[in-house]
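J.: Chain by chain, the residues:
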Amino acid sequence: MTAAQERLVSFESAGELLHGVIHEPLEETQQALVFCHPFAEEKKCAHRSMVEAARACAAAGWAVLRFDNRGCGDSPGCFEQYDLNDWRLDIESALECAARETSSAVGLLGLRLGATLAAEVAEDRPDVACLVLWEPIVDGERYIKQNLRRSIIKAMMTSHEGGGSGTTAAHTAGASGEGTVDFDGYSVGEAMREQLAEVNLLEPPPVYPRPVLVVALGAGEAMGEQLQRLADAYTMGTARAVRQEPIWQRIGVMDATPVISATVEWLRQQ
Amino acid sequence: MSDQQLKQQIKEMIVERLFLDADPQQMADDENLMENYEIDSVNLFEIVVGLEEQFDISFEDEDFSVDLFATVNSLAEYVETKRS
Chain L
850 MTAAQERLVS
860 FESAGELLHG
870 VIHEPLEETQ
880 QALVFCHPFA
890 EEKKCAHRSM
900 VEAARACAAA
910 GWAVLRFDNR
920 GCGDSPGCFE
930 QYDLNDWRLD
940 IESALECAAR
950 ETSSAVGLLG
960 LRLGATLAAE
970 VAEDRPDVAC
980 LVLWEPIVDG
990 ERYIKQNLRR
1000 SIIKAMMTSH
1010 EGGGSGTTAA
1020 HTAGASGEGT
1030 VDFDGYSVGE
1040 AMREQLAEVN
1050 LLEPPPVYPR
1060 PVLVVALGAG
1070 EAMGEQLQRL
1080 ADAYTMGTAR
1090 AVRQEPIWQR
1100 IGVMDATPVI
1110 SATVEWLRQQ
Chain S
2 MSDQQLKQQI
12 KEMIVERLFL
22 DADPQQMADD
32 ENLMENYEID
42 SVNLFEIVVG
52 LEEQFDISFE
62 DEDFSVDLFA
72 TVNSLAEYVE
82 TKRS
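Protein chains in written order, with this note's numbering: chain L, 850 to 1119; chain S, 2 to 85.
The following block holds chain S by itself, in its conformation from the complex (with noise of 0.2 Å):
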């Protein structure tokens, strides 16, 4: 899977599971998910069991940072570094 084609997938996975009235295919990959979407922790919840499921990853305690949910970016490199 190609860097581009791995953002689209989180980019459809969080507009799915957060039932967002947006188009994943207008979202930046760098742009800020927690300002633009209103994400709160209800909904980081949801990103976090989102990307596990779909990326069969799994988040250690330690991990959980700001800036790992900042953009579809940081999400992605984390999925990487998770799957390599």
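Excised from the complex, chain L in its bound form (with noise of 0.2 Å):
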């Protein structure tokens, strides 16, 4: 039983409409989250999730806005429209969608590109209550070869069933043109590109200066060495592994339990 209450929302951001849902505690909170979502298809493997997340943490106190950025989910407009700083923007307007709607003070959960944004965001806000970071992308050239590499296996894959040799799996993936890189079916122009590829959370190192949960999921209880670092470069920062499947790799119902579970005991520690 969620001890929660669930609301539609709307506000704008750079002059559109973007909408969400806020997760209210029954009871009255001075604490509020926004969560940022994954990025591409990404996204879609981890609403799920997101969305139980979203009620854990009502459940034990903390009001929850979600959100769709510009061009993604319900929020309007095309996925190719916009960039890493109209999202950023969108972050922005949701923290004081959500300051306003809940009366609280107003912390970022983020997910892969999502963490990220949410910890650039906060560099420049330290007003910001808090940072939760889950699998934040620490480096954006390694992120892009991460997501070349899927595509590649796809086309590896897809090639194998369909009979093919496989061997032209990487000519078929990089095929995109233009500079335009595919991830996993969303077309990444080359502007896109270079925003992602410029990312680095260590680079400068971060000082924004309230609690940080770095959360790294995974097989091990290693929490991998950049997430690790991320971690101790902030002043208030804890580094946190769960043992959890990828939330965001794989459409399906999955069970996010464990990296909830550790978030809602850190939160109720704040």
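Simulated from the structure, these hints should not be mistaken for lab results.
Please note that the accuracy of each hint is not assured.
What the hints assert, rightly or not - Part of the chain L face toward chain S, derived, beta carbon under 7 Å:
1) R999
2) I1001
3) M1006
4) H1009
5) M1041
6) R1042
7) E1094
8) Q1098
9) R1099
10) G1101
11) V1102
None of these values were measured; they are calculated from a predicted model.
Even glycine gets a Cβ: it sits at the ideal position worked out from N, Cα and C.
Since each chain sits alone in its own frame, please combine them into the complex, following the hints.
T.: Here is the structure:
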């Protein structure tokens, strides 16, 4: 049973109307979070887990605003129209909406690229109450390379199932042309690709002064070097490795209980 | 590291990263991974990342082929080649 209520909300960002859902505890709260969704196909895969996380946070006494960036989900526009600067602005607009709607101090929780954008926004917004970063993209170049890998592997598997040799997988996956990268069916143009390539959460080192939880999700108990370095770089950073299947990689029902429980436990301590 | 140790490490990595309900000790070196463990493209990506991290190697785009990922034997052979 969810001890919370949910209502639709709309708010402006750069003159366009974004749509989201506010999850509110039944009892009055002074704490809220804005959820920042991941990028492209990862958003779709993680949707259910993000909803479950929002409900769990609300049950623990935190109001949550989930919303879709411009060009994504229920919000207006086409994916290709917008870039990372637009989406950082959307997060700022969502912060203001959440503060207005819940009268609370508002933190940010993000997954993958959503976590990265949350961390970048917080660098200029010390009023952000706290940060929860689930598997943030620390190195944009590496992220692009990994997505290209995924495309190559998919092309290889498709070629194999269709009776092809599989040897042209790399060429097929990279053949989007005009500097465009295929992110699991989402066309990422050259400008966006350049913005992604510039992402580096460790350089310059973060200066956000409030509590930060950096969560690594994976098979092992180790944080991974990059995420540990990121957690260590924050003055109030906490690192937490959670044994959890990657909730952003696969469409379908995934049990996100481990990462949700770890997050709620940390939130209760704030 | 001996050939058998390498293969055992690969099996353990696969079971751990793919959250498989399998005993690495019981995996045969030559069994078909994709058929026996229903490995899909998401799993293959995890295997690639696991091999790179654990054995400090780097896949090139042109290295990717279904044959490479067919068995523990073929993965071990690839790792050996990259490390030499």
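J.: Of all the hints given earlier, name the ones this structure violates by number, lowest first.
T.: 5, 6, 10 and 11
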